[in-house]
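Engineer: Build out the structure end to end from the sequences listed, making use of the hints.
Protein chains in written order, with our numbering: chain P, 1 to 226; chain W, 227 to 474.
By construction, these hints were calculated from the structure, which means they are not laboratory data. This structure is a prediction, so every number in the text was calculated from the model and none was measured. There could be a bad hint or two in this list.
Unchecked claim - Across the chosen pairs, the derived CB separations fall in these ranges:
#1 P:L54 to W:G293: 53 to 61 Å
#2 W:R384 to P:V208: 15 to 23 Å
#3 P:A118 to W:D398: 21 to 29 Å
#4 W:F304 to P:G164: 46 to 54 Å
#5 W:R283 to P:L52: 31 to 39 Å
#6 P:N172 to W:E361: 54 to 62 Å
#7 W:T401 to P:L14: 51 to 59 Å
#8 P:L52 to W:G293: 52 to 60 Å
#9 P:A205 to W:R283: 24 to 32 Å
#10 P:R220 to W:P306: 30 to 38 Å
Quick reminder that beta carbons are idealized off the backbone N, C-alpha and C, glycines included.
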Amino acid sequence: MTETTDWQPLWLSLRLAVLTVLVLMPLTLVAGRWLALTQVRTKPVIEAALALPLVLPPTVIGFYLLNAFGLGSWFGQAWYRLFGHTLVFSFEGLLVASVIVNVPFAMQPAQRAFEGIAADLRDAAATCGMSRWRTFWRIELALAWPGILTGIVLTFAHTLGEFGVVLMVGGNIPGETRTIAIAIYDRVQAFDEGSAGQMAAALLALSVFSMALAYLFSQRVGRRNA
Amino acid sequence: MPDDGSARRGLQVRLSQREPIPLDTEFAVGAGEVMALIGPSGSGKSTTLRSIAGLYRPADGRIACNGSVWLDHDAGVFVPARQRRVGLVFQSYALFPHLTAIENVMEAMLDVPAAERREQAHALLRRVHLDSVIERRPAALSGGEQQRVAVARALGRRPEVLLLDEPFSAVDRVTRRALRRELADLRRDLPMPVVLVTHDLDDAARLADRLCVLHKGRVLQTGPVGEVMNQPATPEVASLLDLADEAD
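Structural biologist: Shown next, in the form of structure tokens:
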């Protein structure tokens with residue numbers, strides 16, 4: 001028997017995805033640009049550390065985050081003292097985990113985009129008398145925008161589909177930590193294939209739509225800046 | 227910062243360092259004078275130019291322009307590029323690809339009141355014989371048109387010194403001749419010192435008043451174009467001038 005589909009997990013996932021993007025955007029702009037321009041010797045180590053979520057199993061990241069968020073760690077204790085609850089099994093915890101897991105998805109396209117700006121253009125901006133801020137805003141950001149947008153869309157889509165880390169850190173609390181990916185798994189376990197199918201189709205459509213939009217926009221901006 | 231009592235019009239350059247790029251150069255360029263830095267690849271021409279622009283900080287040296295000191299290693303003075311009034315035409319032109327021709331020029335005129343900026347930028351583009359394509363982006367311009375926009379942008383900075391880095395290297399032979407003629411006409415009205423970097427003796431002979439022959443970062447000979455070409459100081463200079471002549 002097919003039950004009525006509960007769309008609350010979809011809204012929760014969308015809220016999580018939007019907030020993850022909003023938190024990561026400024027970090028990505030600053031750190032992505034810094035990584036693109038810096039010549040520090042430790043750059044490969046920093047890049048490797050930031051790329052770890054791409055290669056580590058979500059359960060491993062989830063395990064470490066679970067430990068870090070718990071009362072057994074200084075971070076978990078400090079958070080508890082400040083806010084009166086732990087990050088484990090809470091939406092805030094889910095958001096922190098999501099931000100950490102999505103760092104490479106947001107950072108790498110932005111870094112590559114900043115790296116792609118010819119050094120001559122920054123030099124030209126300096127000899128034109130443009131301030132650092134104007135150079136960033138008027139030249140660098142304008143040219144790196146397609147890469148930054150790609151990072152935003154990847155982060156958004158990846159957050160919607162994230163499963164392992166979410167389950168480890170957030171569990172499956174309706175309205176608090178039950179995202180659409182968890183809800184689909186939950187419905188399949190309950191043999192409610194109708195609801196699972198509807199939610200899976202919605203997630204698929206949303207992901208295809210956002211990715212297509214990003215590619216279309218990148219293509220147009222890329223052509224304009226060629 | 228203001229120069230000490232020896233304030234002079236024009237540009238005075240002294241650069242010195244052993245590595246990573248060896249430099250041992252000293253020359254002066256008067257107001258309205260064009261000095262061509264000529265030498266083979268790796269002779270330090272572009273590094274010298276970038277040092278004048280403030281895009282490179284050599285280990286030692288002194289650069290002063292119209293009485294202002296831009297670099298003085300001993301006094302710990304280094305004025306960054308964005309604070310020097312320098313117009314630089316890059317070898318690649320380095321036009322901002324997402325901005326139109328006129329917007330590129332306007333970006334160098336930020337100290338001009340916003341209401342007058344567009345009109346003044348347009349006037350500069352007319353001066354370099356670009357009028358009908360000012361709303362086009364660089365990708366839609368020919369090599370010669372891009373070079374003209376780069377010159378207009380450099381002049382838009384109202385520079386105290388104009389620097390031209392191999393300005394004809396990215397255009398074909400026919401365009402090169404036309405651009406060289408235009409630049410020769412334009413330079414007559416330019417009141418500032420002009421430094422032209424080239425490996426082409428013909429460009430130098432047609433545009434410059436004086437030649438400065440560089441090799442491995444060292445000045446081998448400086449003097450009026452005719453004098454250097456007709457009376458090379460050493461066999462090394464003669465050999466380098468021969469090579470530069472063949473490059474044309």
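Engineer: Now tell me if each hint is right for this structure.
Structural biologist: So, going through the hints one by one against the coordinates:
no.: 1; hint: P:L54 to W:G293: 53 to 61 Å; verdict: holds, 57 Å
no.: 2; hint: W:R384 to P:V208: 15 to 23 Å; verdict: violated, 53 Å
no.: 3; hint: P:A118 to W:D398: 21 to 29 Å; verdict: holds, 22 Å
no.: 4; hint: W:F304 to P:G164: 46 to 54 Å; verdict: holds, 52 Å
no.: 5; hint: W:R283 to P:L52: 31 to 39 Å; verdict: holds, 37 Å
no.: 6; hint: P:N172 to W:E361: 54 to 62 Å; verdict: holds, 58 Å
no.: 7; hint: W:T401 to P:L14: 51 to 59 Å; verdict: holds, 55 Å
no.: 8; hint: P:L52 to W:G293: 52 to 60 Å; verdict: holds, 56 Å
no.: 9; hint: P:A205 to W:R283: 24 to 32 Å; verdict: violated, 55 Å
no.: 10; hint: P:R220 to W:P306: 30 to 38 Å; verdict: holds, 36 Å
Violation of the numbered hints given earlier is confined to hints 2, 9; the remaining hints are satisfied by the structure.
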